[in-house]
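Visitor: Sequence:
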Amino acid sequence: MWILIALFLISLAVILGIILYKTKMIRRGQAEIITDAPTPGSLLPKINFNLIKTRVLGFLGKYIHLFVLILLKLRIKLVYFVKRKKETMMPKIKKFIEKVSAEKPEKTKPSLVSKLFKNISDYKNRLKKIEQEMKEDEEKENGLK
5 MWILIALFLI SLAVILGIIL YKTKMIRRGQ AEIITDAPTP GSLLPKINFN LIKTRVLGFL
65 GKYIHLFVLI LLKLRIKLVY FVKRKKETMM PKIKKFIEKV SAEKPEKTKP SLVSKLFKNI
125 SDYKNRLKKI EQEMKEDEEK ENGLK
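Start counting the sequence shown at 5; every next residue gets the next number (our numbering).
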């Protein structure tokens, strides 16, 4: 890390020395100033926007067309792939659903209401049996007398 900082400071000192040397030479008149540079008001050369516009539009037209074609091909391939996978996966999914629905686990604890209804139906069945037995006993008693 310190080596990098030292190299940076050394290069900065060298650049500063070169700039100072050139300014001294200009002041003495030993160096010539090139006047072919752009005017001081504009550092950038004149830009032809029409030329840039035509080149950019040509570039975009060519590559956007290519991009749209690639997207269309990709969409068609993706739709075909999804359709094919759907056709192969649907029977497997249906089998799995049938398998899961066939293996319904029994309720571990019946609810209180269902217990109550079960008890009531058991009592009704017992009462019917008792009534039938009483009728049979009465018929036997009537038949014996």
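If you're looking for bench data, these hints aren't it; they were derived computationally from the structure. Warning: the hint list may mix true and false statements.
Lysine to aspartate or glutamate pairs mimicking DMTMM-like chemistry, simulated, CA-CA at most 20 angstroms apart [what the hints assert, rightly or not]: (1) Lys144 x Asp126; (2) Lys133 x Glu143; (3) Lys81 x Glu91; (4) Lys26 x Glu36; (5) Lys128 x Glu145; (6) Lys133 x Glu145.
So the derived label-pair ranges between C-beta atoms look like this [stated by the list, open to error]: (7) Arg79 x Phe121: 42 to 50 angstroms; (8) Ile30 x Ala10: 28 to 36 angstroms; (9) Lys99 x Leu61: 35 to 43 angstroms; (10) Asp141 x Phe121: 28 to 36 angstroms; (11) Thr92 x Phe71: 27 to 35 angstroms; (12) Met29 x Lys50: 25 to 33 angstroms; (13) Leu82 x Glu102: 50 to 58 angstroms; (14) Lys57 x Leu82: 29 to 37 angstroms; (15) Ala106 x Arg79: 37 to 45 angstroms; (16) Asp141 x Ile101: 53 to 61 angstroms; (17) Arg88 x Asp126: 53 to 61 angstroms.
We treat Cβ as the ideally placed atom computed from N, Cα and C, and that holds for glycine.
Visitor: Does each hint hold? Answer for all of them.
Guide: Verification of the supplied hints:
no.	hint	in the structure
1	Lys144 x Asp126	violated, 27 angstroms
2	Lys133 x Glu143	holds, 15 angstroms
3	Lys81 x Glu91	holds, 15 angstroms
4	Lys26 x Glu36	holds, 10 angstroms
5	Lys128 x Glu145	violated, 25 angstroms
6	Lys133 x Glu145	holds, 18 angstroms
7	Arg79 x Phe121: 42 to 50 angstroms	violated, 58 angstroms
8	Ile30 x Ala10: 28 to 36 angstroms	holds, 31 angstroms
9	Lys99 x Leu61: 35 to 43 angstroms	violated, 57 angstroms
10	Asp141 x Phe121: 28 to 36 angstroms	holds, 31 angstroms
11	Thr92 x Phe71: 27 to 35 angstroms	holds, 32 angstroms
12	Met29 x Lys50: 25 to 33 angstroms	holds, 32 angstroms
13	Leu82 x Glu102: 50 to 58 angstroms	violated, 30 angstroms
14	Lys57 x Leu82: 29 to 37 angstroms	holds, 36 angstroms
15	Ala106 x Arg79: 37 to 45 angstroms	holds, 40 angstroms
16	Asp141 x Ile101: 53 to 61 angstroms	holds, 56 angstroms
17	Arg88 x Asp126: 53 to 61 angstroms	holds, 57 angstroms
Comparing the model with each numbered hint stated earlier shows that hints 1, 5, 7, 9, 13 do not hold.
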